[in-house]
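Protein chains: 2
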Amino acid sequence: MAKYVYDFSEGDKDQKALLGGKGANLAEMTNLGLPVPPGFTITTEACREFLADEAEPAELHVQVTMALRQLEDSVGRRLGDLHEPLLVSVRSGARYSMPGMMDTVLNIGLNDASVKGLVKESGDERFAWDSYRRLLQMFGKTVLEIPGEVFSDALDEAKRKRNATSDLSLDVEDLKALVRTFKREIREHSGAEFPQHPREQLDLAIRAVFHSWNTERARLYRRRERIPQELGTAVNVCTMVFGNLGETSGTGVAFTRDPASGKIGAYGDYLSNAQGEDVVAGIRNTLSLDDLAQLDPPSHRELTKVMRRLETHYRDLCDVEFTIERGKLWMLQTRVGKRTAGAAFRIAAQLVDEQLITLDEALERVSGGQLAQLMFPQFDSGAARDLLTTGMAASPGAAVGRAVFDSSTAGEWAARGERVVLVRRETNPDDLEGMIAAEGILTARGGKTSHAAVVARGMGKTCVCGAEALEVDAIAKKAWVGGRAINEGDVISLDGSTGEIFAGELAVVPSPVEVYIEQGLNVAVQQVDEETAELVRAVDRLLSHADARRRLAVRSNADTAEDAARARKLGAEGIGLCRTEHMFLGDRRSLIEHVIVATDAAERQAALVALLPLQRQDFIELLDAMDGLPVTIRLLDPPLHEFLPDRTDLSVKVALAKERGETGPELDADVKVLAAVERLHESNPMLGLRGVRLGLLIPGLFALQIRAIVEAACSQLKQGKDPRVEIMVPLVGSVMELHLVRDEAQAIIAEVTAEQGVAMDVPIGTMIELPRAALTAHRIADAADFFSFGTNDLTQTTWGFSRDDVEAAVFAVYLAKGVFTISPFETIDADGVGRLVEIAVKEGRQTRPGLKMGVCGEHGGDPESIHFFHKVGLDYVSCSPFRVPVARLEAGRAAVAH
Amino acid sequence: MAKYVYDFSEGDKDQKALLGGKGANLAEMTNLGLPVPPGFTITTEACREFLADEAEPAELHVQVTMALRQLEDSVGRRLGDLHEPLLVSVRSGARYSMPGMMDTVLNIGLNDASVKGLVKESGDERFAWDSYRRLLQMFGKTVLEIPGEVFSDALDEAKRKRNATSDLSLDVEDLKALVRTFKREIREHSGAEFPQHPREQLDLAIRAVFHSWNTERARLYRRRERIPQELGTAVNVCTMVFGNLGETSGTGVAFTRDPASGKIGAYGDYLSNAQGEDVVAGIRNTLSLDDLAQLDPPSHRELTKVMRRLETHYRDLCDVEFTIERGKLWMLQTRVGKRTAGAAFRIAAQLVDEQLITLDEALERVSGGQLAQLMFPQFDSGAARDLLTTGMAASPGAAVGRAVFDSSTAGEWAARGERVVLVRRETNPDDLEGMIAAEGILTARGGKTSHAAVVARGMGKTCVCGAEALEVDAIAKKAWVGGRAINEGDVISLDGSTGEIFAGELAVVPSPVEVYIEQGLNVAVQQVDEETAELVRAVDRLLSHADARRRLAVRSNADTAEDAARARKLGAEGIGLCRTEHMFLGDRRSLIEHVIVATDAAERQAALVALLPLQRQDFIELLDAMDGLPVTIRLLDPPLHEFLPDRTDLSVKVALAKERGETGPELDADVKVLAAVERLHESNPMLGLRGVRLGLLIPGLFALQIRAIVEAACSQLKQGKDPRVEIMVPLVGSVMELHLVRDEAQAIIAEVTAEQGVAMDVPIGTMIELPRAALTAHRIADAADFFSFGTNDLTQTTWGFSRDDVEAAVFAVYLAKGVFTISPFETIDADGVGRLVEIAVKEGRQTRPGLKMGVCGEHGGDPESIHFFHKVGLDYVSCSPFRVPVARLEAGRAAVAH
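Protein chains in written order, with my numbering: chain A, 417 to 1314; chain B, 417 to 1314.
Okay, chain A solo, but in the shape it has when bound (with noise of 0.2 Å):
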């Protein structure tokens, strides 16, 4: 027979599981000595049987008899009698914390007979009456679920009566109507009396507390939490105490410490006679602990006391409820406090100092999120805001600067000093300079892997996307939003971390810990307060201790010397991701175009040649920037179209010209363009003529970049300096591909090395990310002396979606669906394509020991995602440089975690 019923006296913390959090703390306060109300815990396998069936298991209401007994006699009080009453509370508890989500109801127990023996026993007429007032309403509301509003009109109407604004000035006679009007109320709602059977109502009330774990409000809280949905609730039976007995009466909530700043020292609000929703509700002013220590001095020791019990045995901050009845301290629920970003690096730090807990422990108290929250400049929080709308917050930051429209205007602006936002529809790879010139990019169209998405995070550039109430109108330089417009030059104010748009100039705050990342110690610590101060040495603390710690290396994705450098600083131990298409763009575009306009090999052969020495100079400034490091270099991978223009753009151009019988050299170009986009057109470029397959396609192609890359690194060899380079063949489905490719490197660099008198190691890699590279790994690993895990089009084709079609449409009704519960191009889908990472290391080692495998996709930078690459066995992560902090600490957090 299942246990469904566990007093207070017997469970633990460590049983969050089957009582759910608050229950298992109160277990082991009471197991502590602690001043716990005594009670009992309904466990989380009852709900979840209640909910499977609709009804409780069969031995439930008998458990529930015997524990009611246990505690009736352990108070010497009974429920609903008539003298005496014991009265008691109902709460829900979860194993994870869900504020506000679920149900409580207080003073059950009370009817119209125990009312009047609570009376006699306190008192304090007054007191009960109200007591037996919160109970109706509760009920009414959370029980019966009858509109809140019924109840608390008929309260503010009588405090009308009374010219009142708080309930204390309601007498013991507007009690009474007011009972009396809330059980008319309920009779009138509901179809029946108010329960007055004392064992009814707590029925009633744990049924309906179960019943609150699957109202749509927690469900959909749930699925954003990431809170599996079939862990059902707990229910706490508990002895109610009451801090609404007069002045030497109160209520209140603490913390061990300050969970906004991490600031060392017990912190909280204090009510005097009040009960705990009245703190909640913030009706009257509340005090602080000093103020309690000058109100109550033995009951203050008491509770500092409890704390610091606390603070020592669960080694971590902790908050607390408590109630003072009549000089009495009650403590009601403790947990392990939640916190701000700051607070978890500086609290994790303060206990390691403290000794309560290890470096390693500390790790576990903060996450890569955090400190990426603190990474980022914010808007000043005290400042006007005139919110414009909201999009998707893609990457997060605090930018500022005037609205353009093309990417043209933003370069000009920029180079004049300007700060630009960049306002499109979407983006392509052709507003490459106008992101990189501007502040921050807001797109109307395309959800967080959107190519704005991808690369602003990339260049850690603050980015909202799909900010859907915008219109924007390219060509008259103009975008509306609610009947509002934003002209070009106007300034707006974009915070990625919330996504919301604001008209004007908010003022940007900088972030310390970022200064201490990019400048060090030295630098961070400089002109900041000693708080400051504390929190920038907590994270260098904390950041040094994960990079002893971890396994996985971290490397970046980065296509640009300017990127290399910085992600250097940042931390990163080589580039993972070098796309070579990135180099293609700007001025160098109309070279790529005459590669693939060609119409013959000589031409094409031509144009390629003027590309060597402008690629050779890339990689000869990247190998600089990274000198001593590996730097992975992709050989190009878009399908080829990609540096045409639109198709429908450039043949209604087209159209149009001649309709209008234009003639001339503008024209002559634009149909040759034109033939070349319709001869490269595709329906499906994503599964189309890309990667590998372009090189073994387009003769020369790969053979110019192999040649840049192997100069670039003689040149380098030749000065003394410590090229590290790696050649990655993409989009690989088949041993055979590279193997070909890999014949035709490795013919380059014996030429090229031959040529320059030099000797050098360069090894040839593979991207594995289509399912075939996958599954076919053992064969893979013949040909290739690395793997990097392209997990981007590896959840594409695994799950047969285009980010960039499918994201925003479907994922916010699969979210919505619960068919995922985060994207699986934010997190790696452990169960499709982590599988397939699963198969192909596993595999990929069979056939070559200690072959080195890295991922290079977006998961490179995603906390949990990094969980799941050290548990695999990667050798490293490859992520945006912003990303590489998070990286390290996440790997390190793994290192210790696993």
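These are computed hints drawn from the structure, not numbers from a lab.
Don't take each hint at face value.
Identical copies look the same in the list; a pair holds intra-copy or inter-copy alike.
[To be verified] The calculated lysine-lysine pairs, modelled on DSS-like cross-linking and capped at a C-alpha distance of 25 Å, are:
hint, residue 1, residue 2
1, K754, K721
2, K1074, K894
3, K1088, K894
4, K575, K532
5, K599, K532
6, K1074, K893
7, K679, K1069
8, K577, K599
9, K679, K754
10, K1088, K1069
11, K1258, K1268
12, K599, K536
Computed from a predicted model, the values in this text were never measured in an experiment.
Starting from the known structure of chain A, fit chain B onto it as the hints suggest.
Positioned in the frame of chain A, the structure of chain B alone reads:
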């Protein structure tokens, strides 16, 4: 030490991998006591080692010496002997027959001295010098790689001088002069004298045979025939016997039955006073075996006896090469003979009748490919032909009709009784009407799995695609090929088995096998000759046996009642895939367009409601045609923009109309549709909003289809029919998607069956067509009553190949470079895609033992793939109607083989 050399008496016919086909069979004949000239075989292993190291394995030389001495001892002659010289032939012989691909050198052992010995010994001076001449010619060409014309020109010149047409007219002096000429040419071209040392001749000839394995021609042949490149060839060294020692000598080839028709009785060609190469060269007219019986009754009797012995021993049609040297029969080669498709079936049935093989063995002697050949109508091979160009043979058959360039003309002309061939640059779903109306389809673009090819094969309609020389101007209703115009109405003929396109009308020969399959044995054997009747009966017998043996059920993909009825006639045991999107074309296009363009829920719902009765009627007809058999209906799969016009075309149209200042309702409608096109535009529709995503995003769409399906089934049930409908959800990647659709479907099923007052079980299953579906099949099985593998899409995502885009351009290069031996869209890629299928089968059945599984991709009709599906344990394959008999046969063969 490896044994590289086997005497003919040491091997047997099962050692083909080591000794090659020719060597193994020579050994087998030797051991049967048949008259084989003594000799030995050098193994394929020796060849492989030679090719890997570019040098003979160390032990080979010694082993050849020993084998040669044994040979010399056994025949009592020595190589290069001045009196009785031993002459040997050196012939290649690989595991798989590669006719004419590799090298042969005869008369090794002759030199300036031994030729005189041969003169004396044979008593035939002309013969001896002619033999020397032949050695020089073959050695020069094959071993020394001197162009063959050098020798044949000199020979022709000598004949010209004599005014002779035959070699036989040349006398001894002519031949001696030719020997001198040939030796001079060899010296001049190779820079060295012809090697006089016989052993040197032998070693060089062996090496030349090894080399011949790797000629470009041979590599290409193997790629086409799917023979692995790494096998290597054996070399047979055999005592020379001479058919050119006068009128009592001769040489011939023979078959134990007729390989063209399968007729019982030996069949062959004989040439007296000739060597083997004279027969192949076709210089003189050959005699029949009956002529030989007149000419040399003892030899003919012995040959007949040998052939009977061979057929009994090999239990199959054998072909042989033989030589009669002065009245003595020598067998030079035998093997199981190649045969036509018709002969294969007839011979297999004959051998069963003769109790030489079992019916199971007979099944292994025929193939689905052969059956398919027998089913297609073909052009009369005797008719005159005017070839225009050749494209890809995409769907076999012989189609004759007037060229039309658009779908509506095709429909109109066909409606008035014209036969038409639809000629398009490429086809899209819009062309479906025209494709249905046409006899055949011809496209200028697209590969074997392009839309045109896939749909045509699905319809069993002749199709030639990717005829690159063809320029199609649909507007002008005209096409050009090599300067010739094809105007609308011109008659053309397409051969879908060869890809040839002819001007004018070619006569078509009907296939009696197709008549049999569609109309039964009795109809088919009427009015045909006895030989054809025997063929039809053989097909019937083997197909019936396949049906009895196979474990795989065979269903058909069919979207209409007509297709379903046809498939059923062809033996389909249900419908494995009904694509409902084809029901939204034609007249109903405007209705589905309303659904798509709808701007609010009410407008969309109204459009859906209008579709309901039409869909229901479709399903009623389909279920009626397949009454009593399972019918799997797939919910709407393609992206919605497929039902709308092309974005670029429409953009140009609207831009031009606006430029011209046009107004009116047509433009307004275009503008509205263009807005929808823009809204639905996706960069990669294959990976976009389609399949189950549509169902979850567009309220009411799947509900409409499910209701139509269930109402149709109820209607059938109430009429006493036996509808067995199954609902299939496309593009599922996560079990949650399937749960959501399943919940909706079950609610509708419950509602409709309650309305109609019937009880019915409607299984709900899913396509497994995404890698993630396969990888999480153990979860998806929780919500699926069946799995149907969509291996087309699964191949696209696993490889990251869009078949529409990539096939033509990439596959040609990939096949040439050996990345593929065959397109993975044609035969399932067992290592990648197949591995996913295996995972899903195994893990799906772990969750739900006995889960029904089938395949409905193109691979369901491909012989090699069918064997794969049998092995992994699927329950059925589903293919296009025309492939059903092929699939039945191959499923039977798979059951016998595995």
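Structure-based check of all given hints:
no.	hint	verdict
1	K754 <-> K721	within (21 Å within a copy, 98 Å between copies)
2	K1074 <-> K894	between (30 Å within a copy, 23 Å between copies)
3	K1088 <-> K894	between (33 Å within a copy, 24 Å between copies)
4	K575 <-> K532	within (24 Å within a copy, 139 Å between copies)
5	K599 <-> K532	within (17 Å within a copy, 134 Å between copies)
6	K1074 <-> K893	between (27 Å within a copy, 22 Å between copies)
7	K679 <-> K1069	neither (64 Å within a copy, 68 Å between copies)
8	K577 <-> K599	within (20 Å within a copy, 133 Å between copies)
9	K679 <-> K754	within (14 Å within a copy, 90 Å between copies)
10	K1088 <-> K1069	both (13 Å within a copy, 21 Å between copies)
11	K1258 <-> K1268	within (12 Å within a copy, 31 Å between copies)
12	K599 <-> K536	within (22 Å within a copy, 136 Å between copies)
Of the numbered hints stated above, the single one contradicted by the structure is hint 7.
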